[in-house]
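Spelled out from the first residue to the last, the chains are:
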Amino acid sequence: MSVAPAAPKQKRASKAQAITQGDAVRSALFNYVLSLADDALVLGHRLSEWSGRGPMLEEDIALSNLGLDLIGQARLLYAYAGEVEGKGRGEDDLAYLRDEFAYANLLLVEQPNGDFAATMVRHLLYAAFMHPYLQAMQTSADARLAEIAAKAVKEMAYHVRHAAEWVIRLGDGTEESHARTAAALEELWMYTGELFEMTDDERALVGKGIAVDRAAIKPSWHATVDRVLAEASLQRPAERWMQGGGRSGRHSEHLGHLLAEMQVLHRAHPGATW
Amino acid sequence: MAIVDKGAAAGTDEGYFQLARAHRIAAAVVDPEIPVLTLEDLGVLRGVERRRGRIIVKLTPTYTGCPATQAIKLAVEAALAEAGMANARVESVLSPPWSTDQITEEGRRKLKEYGIAPPARGARAHSLFADETVPCPKCGSAATAKISEFGSTACKALWRCEACAEPFDYFKCL
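Going down the list, the protein sequences come from chains A and B. Reminder that position 11 of the first sequence reads as 11 in this note's numbering, one-by-one numbering, no gaps. Heads up: take any position in the second sequence, counting from 1, add 1000, and you land on this note's numbering.
These aren't lab readings, by the way, just hints derived from the structure by calculation. Do not rely on the hints blindly, as some may be mistaken.
[Said to hold, decoys possible] In silico lysine to any residue, SDA-like type, Cα no more than 25 Å apart, as pairs: (1) K1138(B) to R1108(B); (2) K1112(B) to L1039(B); (3) K1146(B) to V153(A); (4) K208(A) to L1094(B); (5) K1146(B) to E231(A); (6) K1146(B) to S48(A); (7) K1146(B) to S233(A); (8) K1146(B) to S177(A); (9) K208(A) to N31(A); (10) K1112(B) to E58(A); (11) K1058(B) to D92(A); (12) K87(A) to S1092(B); (13) K1073(B) to V153(A); (14) K1146(B) to E58(A); (15) K1073(B) to E91(A); (16) K1058(B) to A1028(B); (17) K218(A) to E186(A); (18) K1110(B) to C1066(B); (19) K1058(B) to A1071(B); (20) K1058(B) to I71(A); (21) K1138(B) to L1158(B); (22) K1146(B) to A230(A); (23) K1146(B) to V225(A); (24) K1073(B) to F1017(B); (25) K1146(B) to G54(A); (26) K1058(B) to E1077(B); (27) K1073(B) to A146(A); (28) K1073(B) to D93(A); (29) K1112(B) to D1101(B); (30) K87(A) to A146(A); (31) K1073(B) to S1092(B); (32) K1138(B) to V1036(B); (33) K1146(B) to R227(A); (34) K208(A) to E194(A); (35) K1058(B) to R75(A); (36) K1146(B) to L1158(B).
Produce the complete structure using the sequences and hints provided.
See the structure below:
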């Protein structure tokens, strides 16, 4: 039995510690990037469900365009998540071969399209958050996230504007469009609390200047939402208990159906291309 | 637009001329959605360089979800292969992000002739809820109205001219 000299052992220990720390950051970054990608993909897929079914041709095209932006953003994020993870998983593996409980998207984005008013209210609540969030992310200490944000923020500006214009038109429109928009707002409001919740991983990354502090986005989100609701003659819903769980994989029953449809082709024909 | 030569042929005239040629070929490839615009007009060509003997063409995407991005990549690689540079590859560069301000003067002129109103300048200063005025590309009238923020491709909006009663595409600011 030999006794190792003290000094090298300590050196080994600190090296091991550095690796563990590096691994912890890498794993936190992977989870964080993945959750952002899941948000974009799930909402992008939801919007794609409108293709060919929009209330009018222009809006059919608009919804497809909005969906396309989000899917484009999701692809950049998944590709980066795969690189961070370093296990050879690419964007398709991450999008098509994970089950519901492994998806970390917000509950808001998986909610069914409902009527056109519900789709626009959902989109306003998300985009009014994501626009300032991406603005802040442009200065992330992670260069790749900063450049993805710089690209996506310009697209998101159009999302906010489009959703806002429709919520105003519908809320301030006929009795029926007002009632439907108000009902959608009531229905979806309990999912907005999750926009500001952070996981432990995310909090650790905020400390390193990589992730954006969600609480800091709240004033801007409220300002945009309040301004639009006021113009739409809609009331901001009263404070209430907020639903959560999406980030930890506890989803509503709707996500499973969405994933089944989105993933079926890839799972039936792994690696299919055309 | 940079031509960077880091390869074995660096500094030689032959190496430089090949890169310059690759640059010229890539620059002349047209956008599949707006075939009057070349990649140079569009401002998406970020440079050509040689790395380990391989020619790399750096392109930046317009919209992240634009399906033309893949078609453009394949078209550039095909054009270079046809010119004898079969190992040339396209690489995507995100930063700095593309902006409609990078469309050249020539590109703006071609857009207008093609019937697409060129984007307003100063995309960076574009405010969230501002009203835009887009002159009609056909008759020049400022009496125009937006029909839809989203048009036949990710980069276009649909407008209508009240003066000449023609609908037209507007290349929107990004």
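- Message: Tell me if the straight-line CA distance from K1146(B) to G54(A) falls inside 25 Å.
- Response: holds (19 Å)
- Would you check the hint for K1058(B) and A1028(B), treating anything up to 25 Å between C-alpha atoms as holding? holds (14 Å)
- Query: Is K1073(B) close enough to A146(A), meaning Cα to Cα at most 25 Å?
  - Reply: holds (24 Å)
- Keeping to a limit of 25 Å between CA atoms, is the pair of K208(A) and N31(A) held or broken? holds (15 Å)
- Item | 25 Å limit on alpha-carbon distance, applied to hinted pair K1058(B) and E1077(B) | The given pair, whose Cα atoms are some 12 Å apart, holds under the 25 Å limit.
- Item | Pairwise hint evaluation, S1092(B) against K1073(B), where the allowed Cα distance is 25 Å at most | holds (9 Å)
- Message: Need the status of pair K208(A), L1094(B): alpha-carbon distance at most 25 Å?
- Response: holds (23 Å)
- Sort out whether A146(A) lies within 25 Å of K87(A), counting only the CA atoms. Holds, at about 23 Å.
- Message: Checking one constraint from the list: CA of K1146(B) to CA of V225(A), max 25 Å. Satisfied?
- Response: holds (24 Å)
- Task: Mind checking the alpha carbons of K218(A) and E186(A) for me, to see if they're no more than 25 Å apart?
- Result: holds (19 Å)
- Is K1146(B) within 25 Å of E231(A), Cα to Cα? Holds, at roughly 20 Å.
- Given the hinted pair K1146(B) and E58(A), is their alpha-carbon gap at most 25 Å? holds (11 Å)
In this structure, every one of the numbered hints holds.
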